[in-house]
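Just so you know, the protein sequences line up as chains A and B, in that order. If you use the working numbering, the first sequence closes out at 245, no skipped numbers anywhere. If you use the working numbering, the second sequence closes out at 169, no skipped numbers anywhere.
These are calculated hints, taken from the structure and not from any lab test. Each hint should be verified, as a subset may be incorrect.
Below, computed lysine-lysine pairings styled on DSSO-like, alpha-carbon distance capped at 30 Å [said to hold, decoys possible]:
(1) A:57 to A:35
(2) B:34 to B:96
(3) A:65 to B:96
(4) A:107 to A:35
(5) B:121 to A:35
(6) A:57 to B:84
(7) B:63 to A:35
(8) A:167 to B:138
(9) A:230 to A:169
(10) A:65 to B:164
(11) B:84 to A:138
(12) B:34 to A:35
(13) B:63 to A:169
(14) B:121 to B:133
(15) A:169 to B:164
(16) A:86 to B:108
(17) B:121 to A:86
(18) B:164 to A:138
(19) A:57 to B:63
(20) A:65 to B:84
(21) B:133 to A:45
(22) B:133 to A:35
Since we're looking at a predicted model, the values are computed, not measured.
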Amino acid sequence: MDSNVNHASAVTVNQQLFKQGAEARLFTGSFFGRKTIVKERFSKKYRHPELDERLTKERMRAELKGLMRCKNIGIWTPAVYFVGSKSNTVHMELLENVDTVNIYIGKLLMGCVDGSCDVQCTNKLKQLAEEVGITVGKMHLAGIIHGDLTTSNILIDTTNVENESTKPKLALIDFGLSHVDNSAEDKGVDLYVLERALTSTFSNIPWFFDIVLTSYRGTYTSGGEEVFKKLEEIRLRGRKRTMIG
Amino acid sequence: MDFDFAEHQDNLIRKLYTNVQNTAEIRKVIFAAKLPFTLINPELVLDPFQLSVAMTKALYNMKEGSMMTRSFQTEILYCLSPNKNITEALTSFGSKENDSTFILIGEKQAFVQLEHQIQGKEVPLSEVSQFSKEDTIKQMYQIPNDELQNSTLLKSIVSRISSKEFATG
Ligand SMILES: Nc1ncnc2c1ncn2[C@@H]1O[C@H](COP(=O)(O)OP(=O)(O)OP(=O)(O)O)[C@@H](O)[C@H]1O
Ligand SMILES: [Mg+2]
Numbered sequence: 001m002d003s004n005v006n007h008a009s010a011v012t013v014n015q016q017l018f019k020q021g022a023e024a025r026l027f028t029g030s031f032f033g034r035k036t037i038v039k040e041r042f043s044k045k046y047r048h049p050e051l052d053e054r055l056t057k058e059r060m061r062a063e064l065k066g067l068m069r070c071k072n073i074g075i076w077t078p079a080v081y082f083v084g085s086k087s088n089t090v091h092m093e094l095l096e097n098v099d100t101v102n103i104y105i106g107k108l109l110m111g112c113v114d115g116s117c118d119v120q121c122t123n124k125l126k127q128l129a130e131e132v133g134i135t136v137g138k139m140h141l142a143g144i145i146h147g148d149l150t151t152s153n154i155l156i157d158t159t160n161v162e163n164e165s166t167k168p169k170l171a172l173i174d175f176g177l178s179h180v181d182n183s184a185e186d187k188g189v190d191l192y193v194l195e196r197a198l199t200s201t202f203s204n205i206p207w208f209f210d211i212v213l214t215s216y217r218g219t220y221t222s223g224g225e226e227v228f229k230k231l232e233e234i235r236l237r238g239r240k241r242t243m244i245g
Numbered sequence: 001m002d003f004d005f006a007e008h009q010d011n012l013i014r015k016l017y018t019n020v021q022n023t024a025e026i027r028k029v030i031f032a033a034k035l036p037f038t039l040i041n042p043e044l045v046l047d048p049f050q051l052s053v054a055m056t057k058a059l060y061n062m063k064e065g066s067m068m069t070r071s072f073q074t075e076i077l078y079c080l081s082p083n084k085n086i087t088e089a090l091t092s093f094g095s096k097e098n099d100s101t102f103i104l105i106g107e108k109q110a111f112v113q114l115e116h117q118i119q120g121k122e123v124p125l126s127e128v129s130q131f132s133k134e135d136t137i138k139q140m141y142q143i144p145n146d147e148l149q150n151s152t153l154l155k156s157i158v159s160r161i162s163s164k165e166f167a168t169g
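Okay, chain A solo, but in the shape it has when bound (with noise of 0.2 Å):
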């Protein structure tokens, strides 16, 4: 019988260090035989302790809220195990056979002669701009804005991605500064923010950018006109700051 679970090992994580990030440490674990990312929140020394601590808190609230949200709609996201209160930790499921976009990208124009690409090469970034399009497009029409939409913060699963017709699988992560509103300028400086990712390291695929946008304006029929006209007022205010600065 199986009902003398050995929980000896029951929830672990390893000492050695996963990635560093600017405000939280992630690190590998298992939780009942479960693979896991448990990410922790740390302290900023320079804030006051009381604000410090209530901004961590804030932020773990913003990561969970967001994720569940969006997992409720469909989109792919961790599971969540366990979250130390505490400890500002989130036990997740880490998801396994994945690369961030940005590396995927860069995976597949490596494989191109002069990063101009091939026609294989060109329709796979193709199928992979549009369920980013599609993806964002949903989050937005639910209400959801991501706050740090960079091409880290999405990951696609490699399992299948050899096969032209299975349509890229993607996960959203990272939802640490995300809210809940139907503001339009907020989701247009998402999309700011994931155009400046993507032209900043790949600016050889210019028209990547375009076809997120396309795919995002034909899911999200009822508010993506608007938003894209506040990502235009948006370049034209990063334009500004970049002449200015």
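Assemble chain B with the ligands onto chain A, guided by the hints.
For chain B with the ligands alone, kept in the frame of chain A given last:
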């Protein structure tokens, strides 16, 4: 990070009983002698992992002094629930007088006092899904079909259990 508390689960047993003739009596014995056991309604339990997630949370709350209920036994029921309504958690996830199937969780050492009194058949806990009701579970945890495109029912359940204080409200 210190997860010693999770090891306390070593002192706990989890058993699934079916065809029980005397659930009402067992409940009485537990309440009267204040035995450290809780009886759970298996209709709302999809998998033993769901219990592990709720038990870990209940142990953590106990260790941190942040329990929402009076005992570890009721805290497990509260932790299983996706919302913050204590009464509702206890009635939905606790077993009822006339139930003939239940999951028993409690302290290993004290089990001898109870075991011989249960008139029923023990089934491996891994077979709990035979007794669970997916539609009732989806309703209880408010899991829409859309969500299951990119999640499993079990992952959606445990995510709600572990994030409820943070993600809801
Ligand atoms: N659940 C997960 N499964 C697989 N990989 C993950 C998971 N969570 C994070 N990662 C990897 O770790 C990286 C960093 O994670 P994350 O974006 O959550 O932290 P961060 O950027 O440091 O956070 P913050 O912006 O809040 O400081 C991700 O880009 C991804 O590569
Ligand atoms: Mg990140």
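Results for each hint:
Between residue 57 of chain A and residue 35 of chain A the alpha-carbon distance is near 25 Å, which keeps this suggested pair within the 30 Å criterion. Distance check on the hinted pair: residue 34 of chain B and residue 96 of chain B sit about 18 Å apart at the alpha-carbon level, within 30 Å; holds. A threshold of 30 Å between alpha carbons decides the hint, and for residue 65 of chain A with residue 96 of chain B the separation of about 33 Å lies outside it, so the pair is violated. A hinted pair counts as satisfied when its Cα atoms are at most 30 Å apart, and residue 107 of chain A with residue 35 of chain A qualifies at roughly 26 Å.
In summary, the hint linking residue 121 of chain B to residue 35 of chain A is not supported, as the alpha carbons are separated by about 34 Å, beyond the 30 Å threshold. A hinted pair counts as satisfied when its Cα atoms are at most 30 Å apart, and residue 57 of chain A with residue 84 of chain B qualifies at roughly 19 Å. With a C-alpha separation of about 24 Å, the suggested pairing of residue 63 of chain B with residue 35 of chain A holds against the 30 Å cut-off. For the proposed pair residue 167 of chain A and residue 138 of chain B, the alpha carbon gap of about 28 Å is at most 30 Å, so the pair holds.
For the hint linking residue 230 of chain A to residue 169 of chain A, the alpha-carbon distance of about 28 Å falls within 30 Å, and the restraint holds. In summary, the hint linking residue 65 of chain A to residue 164 of chain B is supported, as the alpha carbons are separated by about 9 Å, within the 30 Å threshold. A hinted pair counts as satisfied when its Cα atoms are at most 30 Å apart, and residue 84 of chain B with residue 138 of chain A qualifies at roughly 29 Å. Of the supplied pair hints, the one linking residue 34 of chain B and residue 35 of chain A is violated, its CA atoms being roughly 38 Å apart against a limit of 30 Å.
Distance hint between residue 63 of chain B and residue 169 of chain A is unfulfilled; the C-alpha atoms sit about 40 Å from each other, more than 30 Å. The hinted pair formed by residue 121 of chain B and residue 133 of chain B meets the criterion: a straight-line CA distance of about 20 Å does not exceed 30 Å. Straight-line distance between C-alpha atoms of residue 169 of chain A and residue 164 of chain B comes to about 27 Å, which keeps the hinted pair within the 30 Å bound. For the hint pairing residue 86 of chain A with residue 108 of chain B, the CA-to-CA distance comes to about 29 Å; that is within 30 Å, so the pair holds.
Taking the CA atoms of residue 121 of chain B and residue 86 of chain A, the gap is about 41 Å. The hint is violated against a cut of 30 Å. For the hint pairing residue 164 of chain B with residue 138 of chain A, the CA-to-CA distance comes to about 23 Å; that is within 30 Å, so the pair holds. A threshold of 30 Å between alpha carbons decides the hint, and for residue 57 of chain A with residue 63 of chain B the separation of about 20 Å falls inside it, so the pair holds. The hinted pair formed by residue 65 of chain A and residue 84 of chain B meets the criterion: a straight-line CA distance of about 16 Å does not exceed 30 Å.
With a C-alpha separation of about 50 Å, the suggested pair residue 133 of chain B and residue 45 of chain A falls outside the 30 Å cut-off, and the hint is violated. The hinted pair formed by residue 133 of chain B and residue 35 of chain A meets the criterion: a straight-line CA distance of about 28 Å does not exceed 30 Å.
Hint violations for this structure: numbers 3, 5, 12, 13, 17, 21, all remaining hints satisfied.
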